[in-house]
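Put together the whole structure using the sequences plus the hints.
Read in order, the letters of the sequence shown are residues 39 to 206 in the working numbering.
Each statement offered as a hint is correct.
Here are the simulated lysine-lysine pairs, DSS-like style, with alpha carbons at most 27 Å apart:
(1) Lys46 to Lys195
(2) Lys124 to Lys108
(3) Lys178 to Lys46
(4) Lys46 to Lys108
(5) Lys178 to Lys195
(6) Lys46 to Lys124
(7) Lys195 to Lys124
(8) Lys178 to Lys108
(9) Lys178 to Lys124
So the derived label-pair ranges between C-beta atoms look like this:
(10) Thr105 to Gln42: 24 to 30 Å
(11) Asn154 to Arg114: 37 to 43 Å
(12) Asp185 to Val162: 34 to 40 Å
Quick caveat, the hints were computed from the structure, so don't treat them as lab data.
Note that CB positions come from ideal geometry on N, CA and C, so glycine has one too.
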Amino acid sequence: MTEQQYTKRIRTAGAVSLWTSVGLVIATALFYFASRYRFYANDYTARWMLIASSVLAVLAVSMALLTIRKQVPQLRQTDNLEQKLKGYATLTANVGYSLLFVVVVLCAVIVFTNQNVLFMLAIVVVMMLFLTYPNIYRIKHDLGLDDEQMTTLFGNKYIASNDDNAQQ
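See below:
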């Protein structure tokens, strides 16, 4: 794969996971608050689904934070640009789609148990997706790229930093 294909994979994975989860949470909120249809599980099932989905959300956010904290410095140490982009594309896809799966599960549990408390956890997971969204400057920072590499990857979309003026 070329470097442009890796950047496209990074942007696609980030955008699909973020905007799908945002749309899903909004659709679930509209269904929950505007629909006259309700699903009620018995108390025992609703309680265990609430506990399981809460634990799942907390573990998923913790996993995402720890994975990013561990793998981003390793990717910065890689010498080859293509290897950096390949690893970052894999990292972005894994984290994004994992958190999207958690949002899907949380929204399903909200609908099937009528527990609106889980909206808070769904919003926290979506905020985690916003924080990890791979825009071009985040990619530069995470991978430790220089201005030449960024101009090669993104062309006119990248605005180079003016380090000479900043130091004076």
